[in-house]
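Novice: Residue numbers (the numbering used here), protein chains in the order written: chain W, 83 to 423; chain C, 83 to 423; chain G, 83 to 423; chain D, 83 to 423.
Think of the hints as simulated: they come from the structure by calculation, not from any bench.
Wrong hints could be hidden among the right ones.
[What the hints assert, rightly or not] DEER-style ranges, computed between Cβ atoms:
(1) D:Val-253 to G:Cys-269: 48 to 58 Å
(2) G:Ile-222 to D:Asn-347: 12 to 22 Å
(3) G:Met-315 to C:Lys-97: 26 to 36 Å
(4) G:Glu-293 to D:Asn-412: 37 to 47 Å
(5) G:Asp-204 to D:Leu-344: 20 to 30 Å
(6) D:Asn-132 to G:Met-315: 48 to 58 Å
(7) C:Lys-346 to W:Arg-237: 39 to 49 Å
(8) G:Glu-293 to D:Pro-349: 58 to 68 Å
(9) D:Pro-349 to G:Ile-222: 22 to 32 Å
[Said to hold, decoys possible] Calculated cross-link-like contacts (lysine-lysine; reagent style DSS-like; alpha-carbon spacing at most 30 Å):
(10) D:Lys-192 to W:Lys-108
(11) G:Lys-97 to G:Lys-258
(12) D:Lys-420 to G:Lys-88
(13) G:Lys-423 to G:Lys-407
(14) W:Lys-135 to D:Lys-373
(15) W:Lys-189 to D:Lys-192
Cβ coordinates follow ideal geometry from the N, Cα and C atoms, glycine included.
4 protein chains.
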Amino acid sequence: MKRFDKKDILKDIVKHIDIKAIDSTKIIDAMRDMSFTSRDTAIATDILQNMIKDKDCTIILTIAGSTSAAGCMQVYVDMVKSNMVDVIVATGATIVDMDFFEALGFKHYKGSSNVDDTMLRDNYIDRIYDTYIDEEELQICDKLIKLIADSLEPRPYSSREFIMEMGKWLVKNSKKNDSLIQTAYECDVPIFCPAFSDSSAGFGLVLHQVEHPDKHVSIDSVKDFYELTQIKMKSKNTGLFMIGGGVPKNFAQDTVICAEVLGKNVPMHKYAVQITVADVRDGACSSSTLKEATSWGKVDTIFQQMVFAEATSVLPLMISYIYHKEDWKNRQKFEWAKIFK
Amino acid sequence: MKRFDKKDILKDIVKHIDIKAIDSTKIIDAMRDMSFTSRDTAIATDILQNMIKDKDCTIILTIAGSTSAAGCMQVYVDMVKSNMVDVIVATGATIVDMDFFEALGFKHYKGSSNVDDTMLRDNYIDRIYDTYIDEEELQICDKLIKLIADSLEPRPYSSREFIMEMGKWLVKNSKKNDSLIQTAYECDVPIFCPAFSDSSAGFGLVLHQVEHPDKHVSIDSVKDFYELTQIKMKSKNTGLFMIGGGVPKNFAQDTVICAEVLGKNVPMHKYAVQITVADVRDGACSSSTLKEATSWGKVDTIFQQMVFAEATSVLPLMISYIYHKEDWKNRQKFEWAKIFK
Amino acid sequence: MKRFDKKDILKDIVKHIDIKAIDSTKIIDAMRDMSFTSRDTAIATDILQNMIKDKDCTIILTIAGSTSAAGCMQVYVDMVKSNMVDVIVATGATIVDMDFFEALGFKHYKGSSNVDDTMLRDNYIDRIYDTYIDEEELQICDKLIKLIADSLEPRPYSSREFIMEMGKWLVKNSKKNDSLIQTAYECDVPIFCPAFSDSSAGFGLVLHQVEHPDKHVSIDSVKDFYELTQIKMKSKNTGLFMIGGGVPKNFAQDTVICAEVLGKNVPMHKYAVQITVADVRDGACSSSTLKEATSWGKVDTIFQQMVFAEATSVLPLMISYIYHKEDWKNRQKFEWAKIFK
Amino acid sequence: MKRFDKKDILKDIVKHIDIKAIDSTKIIDAMRDMSFTSRDTAIATDILQNMIKDKDCTIILTIAGSTSAAGCMQVYVDMVKSNMVDVIVATGATIVDMDFFEALGFKHYKGSSNVDDTMLRDNYIDRIYDTYIDEEELQICDKLIKLIADSLEPRPYSSREFIMEMGKWLVKNSKKNDSLIQTAYECDVPIFCPAFSDSSAGFGLVLHQVEHPDKHVSIDSVKDFYELTQIKMKSKNTGLFMIGGGVPKNFAQDTVICAEVLGKNVPMHKYAVQITVADVRDGACSSSTLKEATSWGKVDTIFQQMVFAEATSVLPLMISYIYHKEDWKNRQKFEWAKIFK
């Protein structure tokens, strides 16, 4: 049996697509007059464009799944830099295992989905479908989270607060300057991870708490929920741009209800777009249609579009279109992170 | 336009299937010699049966999605009562919006997936695919969570601790005696919700914190992660029985790595079964195969089976088979909740 | 590298489930009060039961996909024997590669979907997902089709006519007595394969035509369409029970339009059930909803149900229920094959 | 209730994307270094490019599903015009209901998937997911097929022969000059529809046969299979470019086996690409992986790629890339239609 060497396996780097360097304007324009997923993609793009043009609209980007490891990280960074996004709600994996990880200079690698996983395990290589990660590098990531936690005042933090501290740390220590965490920190775009410990961050934080059993940093997702709801309450309109479903989707949608519970009547999310491959028929939130969210009073019916596609194939087209239309240039900055300072 | 009355819409109650009253033994036995999903269902059942017979195996049930609202709640309760499950990791919605909700005497209703959601909204009816919920009843649920939080000592809690308090409360106040929370509480089966505030509980807890800005209950999911990892470290073998994916799946799998980070080498999860409709090709954790988890060192390769099906259609057959085989009768009780007392 | 021997690989036989020996009555009764796929399964079963009880209803079973190789062949045979089905429209593979093949005494084998296909190829083993076939046996199947064609008067045949001749041949030569072809032949239930040559039959018939270039058997699917439409025109009501989609689904639905084209106004199919895993969003017929078929004037809106499931997991439950309810015992026989004699 | 007028509903025309006018070169180049569906799309494009550059390779395009109604018809026409395709195998609907239909000057219309289908039925509007068709125009299509059949010598035809006659007819009578049928006819690219009568053609041909009961045109799909196999036998290498699955996919793959049955050993298809949303797990041919086809000896393992996407979203990017690379300019013309003259 042929033996594999780790260096042979981890050799082709995943490169993040640059939506500024491609121009999809004509493609999206053509898709608008087609059918099925192509037209859905164009309609969803138009709705995002509407959010950009609506001067009262806070745009919330939610990210679940592994698109950041799969070549779309720079898309999200460019969205923040181009003022297309005011708030991010993401999975811990997106923010810690993928973005913080690459900020440290580490890379994702092109691999194969049809591989002997035991061989990968023997080489300490982790696999996400057709993408590989060096687990030893990931463990460095865990340890730095612990160090950051060790350096903070022991008390409950929202994930937003903790990620802001990661941003501060990266300003001084990052190898790759335009990570999503650092960019968002510098642009005062708050990032929330409602299930923060379900990621590489969890390992580092457990280690921190075990070493500091009495006084330590804890992550209070209730605080996250209240903070995000405050942004909802201070926004005249809101729009959701959702990559995948999961906790981020539900969490962002639920702020409408949470505001109500706090005695403040806020409008439903006025705009909503979701890109997903999830199957609508299993009753899970990831796959529930936006129409269904309307029954819950979360999402308005007029500007909503599901795009049933794997996001890496359509997201770059959508954002490249928005970028080259340049309406984001006239958009005011909300800088919601400032309200918590 | 015909007007609908709430009472006309919320009229047919979802009834939970009783796996003791049906007997699927012959069906699973036949499926073992068929192909495609039927054979996968039989193999997965056999793997669960192996977990039951392995006297050293802690069985972790993870639940994402809405099967509890869809007629499978009693399946989970019977699994706990019949000592088939030692730990539960679930979404907040499963535990609070569905189980705690029904413990208060409220019901889920049979509806339609092809309906005017604006009409439902006007009637304060929430929809999960083809299932309806009275939102006014759900708001009572939120408020009781707040009352429970108000009654507790202000400090960070793991979700397990808080859910245990809900169990205590239900012993005195429940309308339906065998809720999952109460049954698990009485059987010392710990329940973890790693994204607890992403549910009806979130609303109640935000309200609690807003009313008690200085000293309040917070939910620390790092603590959850540490507690679950302690169970993993104390167990000789572990098996995962996963309904859907989401945070519960990832959280339970990650305990292997967390133990390593804490300096204790534990074996991978020896057994793993997942029932899901998720699409493997989007690189999200919900849909990642168990084979993929092997590369991460989380799940062993020998006893693992994915069942690509909507869980309500196969889960009752699987558990009825296990129930009627009666091997659970000879199984020791781990009562892991006791280690945190 | 370990060498495999064909006998080691083809060793575990796929056994067809016997819906008479299992009793799913209580399960379907419970599923009726659940949600998602379980309730859809119960509703679809009830619609089939309605077809059975409607004394004016011709029931058309359409079969695409490989359920016959996967352990459901006997389900279809028992449906014919129990007078639950009046017409069959199927893929060539179902009728020739799977049913005629097993009638000759050959078997399908339990295999794995995660296998080295080049190794299988080296052993002349064909794979359908997790099921294996001995290709040398399949070639015998091809040759017998040629022999049957050689023995017939050279002229265009509908597939129904040719399959009837296969039935006649099997009465004398079959190794397994209750094949679907032979059973249907003996019960005067016509079988149509609108894309007949897209199967093992195609190989045999090409060989037949090459050897008899001037005068030979040809397969005229226009004739099939006219014959099936005649049955539609002679039936007061019709119901479709569809396993998968493909050409059989479309062909059976289209008879409504064909009758119109022939100047006879016939009602839409009154009942329609489809079991499929196909994705509704690609605009292909296999996956198009029954609601969509309503726009084409093919299927009525009242008694229609899609069941999104892999058929081997739900079909046996559905038919076992119908079998044990025994309403088929009072049903008249249409024996539509007789109108072509 | 608001009444709808047919003219109001059929108003926005589906326009076919022009892959010459967009330039996706940079996008595909970027996707090659990403992951998931984007990388699969780039790899599949590279394989098609390999087919183009392989001077011995006959390229077979198979089309199932409704992409032709959904804005991709011109993509296929441009592929033929740019000598990227040597043979087409398609569903009857693609060739007759969509292409012949538009050749007559009729259009497809942008609609909604969330609509009252009974209302559409009342207006004689047919729906394909989110696309509408005027059924009265479709009936004109049926009748012209009958007229063409009436004008031909009564005997069995392969679908290829009949479609060639449609091409001839269109040269004189078409309203839209570059239909796929006419373009292919003029470029000597044969088109096969193995299930020809499962389409609007079926209606016209049934009417033709009913009016000419003794002597009439029949469609012999065995002849199709033999003709396509002859092309396979005369080609040194072959490549499959498959949109969707269905009968066209299986039929084209099976020519390898058919050649064997005829005593000629031909190589497997050297290249194979399939774009599909089908679910691999149901054992149907539409969704079977190319890896699985290897076990059948149909498709070689080296140059094969599945792209799990709805084709309208990725196909234009792929073909635009190939077009702008211009390697097709140096490709010889096979003009396979000439061998049957």
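Novice: Decide, hint by hint, whether the structure agrees.
Specialist: Verification of the supplied hints:
Here the CB-CB span from Val-253 of chain D to Cys-269 of chain G is close to 50 Å, well matched to the stated 48 to 58 Å. Separated by about 19 Å at the C-beta atoms, Ile-222 of chain G and Asn-347 of chain D satisfy the suggested range of 12 to 22 Å. In this structure, Met-315 of chain G and Lys-97 of chain C break the distance hint of 26 to 36 Å, their C-beta atoms being roughly 44 Å apart. Hint check: Glu-293 of chain G to Asn-412 of chain D, Cβ distance near 41 Å, so the stated range 37 to 47 Å holds.
The hinted window of 20 to 30 Å between Asp-204 of chain G and Leu-344 of chain D holds, with their beta carbons roughly 23 Å apart. Here the CB-CB span from Asn-132 of chain D to Met-315 of chain G is close to 52 Å, well matched to the stated 48 to 58 Å. For the pair Lys-346 of chain C and Arg-237 of chain W, the beta carbons lie near 28 Å from each other, so the given range of 39 to 49 Å is not met. In this structure, Glu-293 of chain G and Pro-349 of chain D break the distance hint of 58 to 68 Å, their C-beta atoms being roughly 25 Å apart.
Between Pro-349 of chain D and Ile-222 of chain G, the C-beta spacing of about 24 Å keeps the proposed range 22 to 32 Å intact. A C-alpha spacing of about 19 Å is found between Lys-192 of chain D and Lys-108 of chain W, which places the hinted pair at or below 30 Å, so the restraint holds. For the given pair, Lys-97 of chain G sits about 13 Å from Lys-258 of chain G by alpha-carbon distance, which is consistent with the 30 Å threshold. For the given pair, Lys-420 of chain D sits about 44 Å from Lys-88 of chain G by alpha-carbon distance, which is inconsistent with the 30 Å threshold.
The straight-line distance between the Cα atoms of Lys-423 of chain G and Lys-407 of chain G is roughly 34 Å, outside the 30 Å bound, and the hint therefore fails. Of the supplied pair hints, the one linking Lys-135 of chain W and Lys-373 of chain D is violated, its CA atoms being roughly 48 Å apart against a limit of 30 Å. For the hint pairing Lys-189 of chain W with Lys-192 of chain D, the CA-to-CA distance comes to about 43 Å; that exceeds 30 Å, so the pair is violated.
Checked against the numbered hints above, the structure violates hints 3, 7, 8, 12, 13, 14, 15; every other hint is satisfied.
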